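Asker: Please take these sequences and the hints and turn them into a complete structure.
Now for the letters of each chain:
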Amino acid sequence: MSGMNRRDFLKKASVLAAAGTLPISLVELAFGKGDPRNFTFAFISDSHITHIKGREFVRNWDRGLIRAVAETNLLDPKPDFIVYGGDIAQLGKPEEIDHGLELLSGLRGKVHFVMGEHDYYVDLGDYWRKQLGPDHYSFDHKGVHFVVLNSILTHDEWMHRDWPDGMARMKEMARLDNPNGSPFMVGEAQRKWLAGDLAKVSHDTPVVVFSHSPLQKIYKGWNFWTEDAEQVQALLKPFRKVTVIYGHVHQIQYNQIGNISFHSVMATAWPWPYPSTYRQAPSHLAKLTVPMNRADPFFERDATGWQWIDVHSGHVDLHYFLPNNTNRTVAFDEQLGHPVDTRYQDPAKRIPPQEHY
Amino acid sequence: MDKHRNISMAAALSLFVGLATAGHADEFDTEDLKRWQAEFMSVVEKGDRLFHGGLKSRNSVSCDQCHPNATNTHPETYPKFQQQLGKVAVLGEMINWCIMNPLESEPLALDSDEMIALQAYIHWERRGVALTPGKH
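The listed protein sequences derive, respectively, from chains A and B. Just so you know, the first sequence maps onto residues 1 to 357 in my numbering. Just so you know, the second sequence maps onto residues 1001 to 1136 in my numbering.
Just so you know, the hints here were simulated from the structure itself, not pulled from any lab data. Keep in mind the model is a prediction, meaning the values are calculated, not measured. Here a beta-carbon is modelled for each residue, glycine too, at the ideal position from N, C-alpha and C. Keep in mind that the hints are not guaranteed to be accurate.
Listed next, with one range per pair, are the computed distances between beta-carbon atoms [claimed, not checked]:
| # | chain 1 | residue 1 | chain 2 | residue 2 | range |
| --- | --- | --- | --- | --- | --- |
| 1 | B | Ser1042 | A | Ile52 | 30 to 36 Å |
| 2 | A | Trp163 | B | Ser1042 | 26 to 32 Å |
| 3 | B | Arg1049 | A | Lys78 | 46 to 52 Å |
| 4 | A | Ile66 | B | Gln1037 | 47 to 53 Å |
Answerer: Printed below as a string of structure tokens:
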């Protein structure tokens, strides 16, 4: 944020919002007013680029990503880096990953990628890793330790069942409401790696974890779920300030479990209903979450959006910029010790589109 | 015109009464109920398959991509004023809107087997929810 205070930034961001905003997230990590270590990053996720045939791709999903890239490049101040939250492809096809990366190549800045299940299950991530490198890694930036996990692995027995081919496996996992699916997990090998990685980090260092699936259990039927979430949370417990930012759910969610703040990001492709609206099975969305507005299907970018995320002294505030909807801010409340929506948290202040049924 | 209709209705009625009295009363047993439920569920299953990629979709997009378990379809609220269409619409019209727009494909006849199957599946996933016609 050097050379620009927060108000200036918000002003510029509002101008950008007024111009028609996009499903990206700009993240600011703030150590205090005027601290030279303050910085921002952007977040794009869940584009689900879908190959039809030849050079044909689903126009709607392409447009979401094209807009996100264009607007990210307009951000001022320029974000230090960009995170892509996973599911660049719909069926993990090389055509889809290549086309998605071609669209993302317009971004001016370093991009850190997260693996999504739609990128993975056709070839167990081979093509994605060939193009983008490891699927779990960490890096440090201006005093913050960032960890990227591949949280969409599953039981070996399911992964290596007698599938006719990789695409058959991919199509099973691509169906969100598949009763024959299998739960996501980080897995033992990666948890061991994470323990080793975190052993080198001081407990006062803010830690930000990126995963595709929520590292908490919301609804198993749609894999709004990570099977070994508690074990991953336990590894993060010694740190004073931890934030998990995830994609996959295509909706606004936030929660606080002990020292860990959880935030989801929006998709560039399409929104998903809240699991509570499925009346045949129970689910556990955090009571803290004030939902996004119910989608208007007639406006194809509705209920997609982008976030500007701001971490005060290591805690995260999310500013959601939502096309044709009132923008949202979900900020960490130091006194309450959890994130709150600055406008809508009070039930009396909620608006009819936030009612999901 | 009216006279002809009255005569033919009377003829139909006497035929129906005649058949009913000569044949079986409409008394059904648990086997009938099972059979009828099975008939219904076979159409639900067909709708389930259509909903999950079984429709002819020009761009390969399927209903379940936005509506897992048929959520956010709200069959219990139709007919309702669909402000984007500027009129009171039935569920089938919204299904066709989705087929024509996100799926970029050809709409179904409202009385086609496929449209009936899709609605059977959507209603089945929503079973137990109170009717709220007109609710947005």
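Asker: Regarding A/Trp163 and B/Ser1042, is the given constraint of 26 to 32 Å on their beta-carbon distance met?
Answerer: holds, 28 Å
Asker: Return holds or violated for the Cβ distance of A/Ile66 and B/Gln1037 against the range 47 to 53 Å.
Answerer: Holds, at about 49 Å.
Asker: Can you tell me whether the CB distance of B/Arg1049 to A/Lys78 sits inside 46 to 52 Å?
Answerer: Taking Cβ atoms as reference, B/Arg1049 and A/Lys78 lie about 49 Å apart, which means the hint holds.
Asker: Does the Cβ distance between B/Ser1042 and A/Ile52 fall inside 30 to 36 Å?
Answerer: Holds - the Cβ-Cβ distance for B/Ser1042 and A/Ile52, about 31 Å, lies within 30 to 36 Å.
Figure legend: structure checked against the earlier numbered hints; every hint is met.
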